[in-house]
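Visitor: Sequences listed follow chains D and L, in order. Going left to right, the first sequence walks through residues 0 to 304 as numbering that gives the first Met the number 0 numbers them. Going left to right, the second sequence walks through residues 0 to 181 as numbering that gives the first Met the number 0 numbers them.
Be careful, since some hints might not be right.
[What the hints assert, rightly or not] Ranges between beta-carbon positions, derived for each pair:
1) L:A12 / D:Y143: 43 to 49 Å
2) D:R150 / L:K127: 29 to 35 Å
3) D:S63 / L:R56: 36 to 42 Å
4) L:Y96 / D:L25: 15 to 21 Å
5) L:E57 / D:K30: 37 to 43 Å
6) L:D10 / D:N68: 46 to 52 Å
7) L:S15 / D:H108: 38 to 44 Å
8) L:S34 / D:S74: 51 to 57 Å
9) L:E171 / D:G256: 50 to 56 Å
None of these hints come from the bench; they were simulated from the model. Nothing here was measured: the structure is a model prediction, and the numbers come from that model. Even glycine gets a Cβ: it sits at the ideal position worked out from N, Cα and C.
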Amino acid sequence: MLGLADYSSDEIQTILDTSLQMRDILDRPVKKVPTLRGVTVVNLFLENSTRTRTSFELAEKRLSADTLNFSASGSALSKGETMLDTALNIEAMKVDVVVMRHKSPGSPHFLARHLESIIINAGDGRHEHPTQALLDMLTLRDKYGSLKGLRVALVGDILHSRVAMSNIIGLKRMGAEVIVCGPSTLIPRGIERMGVEITNHLDDAIQRADALNILRIQLERQTAGLFPSLREYHKYFGVTRARLEKASSPLTILHPGPMNRGIEITSDVADSEHSVILQQVTNGVAVRMAVLYLLAGGRAEPGAQ
Amino acid sequence: MQTKIKAKLVDAAGFSRTITRIAHEIIERNRGTESLGLVGMQTRGVFIARRVAAKIREIESIDVPVGILDATLYRDDYRTSLRQPSVQQTDIPFDLYDMNVVLVDDVLYTGRTVRAALEAIMDNGRPKRVQLAVMVDRGHRELPIKPDFIGKNVPTSINEEVQVRMTEVDDEDAIYLVEVDK
């Protein structure tokens with residue numbers, strides 16, 4: 000799974016349906032099934048991420064796979080080894096699945112051309128983050144029953160966001176409408192070609208949308224001066240309860256985390272009854288279980304007919 | 000894969016009689032319905048379990064709880080199949096602890112599905128006892144599994160199949176012996 004761009008609406012539907020059954024496992028006394036016994040998964044996280052890695056690792060363990068965590072610091076990569084050599088070495092240790100996070104767009108595609116293993120993209124730069132979009136879609140589908148005709152506004156840093164890219168692709172494919180909202184410096188040029196509406200006014204997005212997916216301001220990527228200050232960003236694009244109260248009906252609030260409280264979202268919104276942020280986290284494990292099961296499950300073993 | 004019907008083994012009336020007999024046997028073997036729960040295996044096992052429960056209600060005026068089990072995630076052979084694996088619903092709405100559970104399926108063949116189902120049940124709780132009820136036992140066991148309640152014993156050859164049809168999903172209640180040309 001390199002990105003949602005390769006997946007049809009039927010395939011996305013199958014993943015979401017399978018996720019529901021996986022979520023049931025998380026509610027049981029024994030939160031584990033033997034499905035991926037004997038399968039080895041490497042979490043190759045060459046960019047820091049505690050949340051996504053933990054979610055994948057838990058999903059792997061719930062399915063009884065053997066897991067191995069690998070990070071850039073402390074590995075041979077910090078001694079100058081190329082990523083391909085690292086990956087080939089890992090594969091030579093007979094792994095079946097590589098879950099990969101990398102800061103450069105296209106890295107999982109590159110690995111997929113050189114490795115036999117199943118590659119799952121856990122975020123490649125500003126390109127795609129397919130499992131995050133799937134868990135967002137599952138959370139919205141839980142709430143509304145269907146994604147068809149739903150209007151979802153993605154708010155904030157669209158330019159640097161792989162979450163936004165995968166969400167736009169997935170939501171559009173499932174028949175939802177997408178509005179992107181943010182300062183014009185954080186909205187990539189030509190994004191309207193993906194079939195989304197653009198607005199630079201948060202109140203406008205709030206008026207039109209059923210749900211807001213509030214993206215994190217990536218403080219570590221704000222060195223280019225794309226907006227004057229965090230205080231000004233909060234003034235114009237911070238989602239506050241006062242702003243939401245102007246909407247005709249309550250909006251569902253999503254956030255991929257980690258949140259910068261007081262910048263893109265205020266605490267009273269993050270903790271409100273319309274926030275589904277913690278459901279997103281639970282759904283994340285279920286979706287990743289479904290993806291691992293569907294990818295590593297239907298594969299013939301050597302010698303099988 | 001082509002299939003050809005060789006014989007109709009059970010018709011609608013026979014199907015109903017078999018359900019009635021299994022219901023009576025379950026009540027008798029368990030000395031009543033106390034702590035009794037049925038768990039039907041997806042797909043037709045669920046409908047059989049519901050019909051057995053309805054029959055027990057007729058006989059004893061007691062509602063016996065019915066759960067649904069999909070054992071796909073516990074199969075040991077799914078990775079050798081090229082089919083896209085699909086998981087169906089599992090929903091056991093009662094506490095399995097200390098229950099007398101009757102696992103219900105349509106056809107018993109190699110025993111691998113039942114093995115998977117037993118493991119799935121144990122992960123959902125700790126019943127006192129698990130019994131197995133099947134509509135048809137067609138033989139060819141690969142594991143040491145023996146049913147407690149059998150609708151019909153049908154000795155088959157390896158290139159035959161037994162099809163249980165039920166009005167809930169098919170157009171009739173019947174059991175057929177089918178030749179499969181693989």
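Visitor: For each hint, tell me whether it holds in the structure or not.
Guide: The hints, checked one at a time:
1. L:A12 / D:Y143: 43 to 49 Å: Because 47 Å falls inside the window, the suggested range holds.
2. D:R150 / L:K127: 29 to 35 Å: violated, 53 Å
3. D:S63 / L:R56: 36 to 42 Å: holds, 39 Å
4. L:Y96 / D:L25: 15 to 21 Å: The hinted range 15 to 21 Å holds for Y96 (chain L) and L25 (chain D), with Cβ atoms some 20 Å apart.
5. L:E57 / D:K30: 37 to 43 Å: holds, 39 Å
6. L:D10 / D:N68: 46 to 52 Å: With a Cβ separation near 60 Å, D10 (chain L) and N68 (chain D) fall outside 46 to 52 Å, so the hint is violated.
7. L:S15 / D:H108: 38 to 44 Å: At 59 Å between Cβs, range violated.
8. L:S34 / D:S74: 51 to 57 Å: Given range 51 to 57 Å: holds, Cβ gap about 56 Å.
9. L:E171 / D:G256: 50 to 56 Å: Given about 53 Å between the Cβ atoms, the range holds.
Hints 2, 6, 7 from the list above are not met by this structure, while the remaining hints are.
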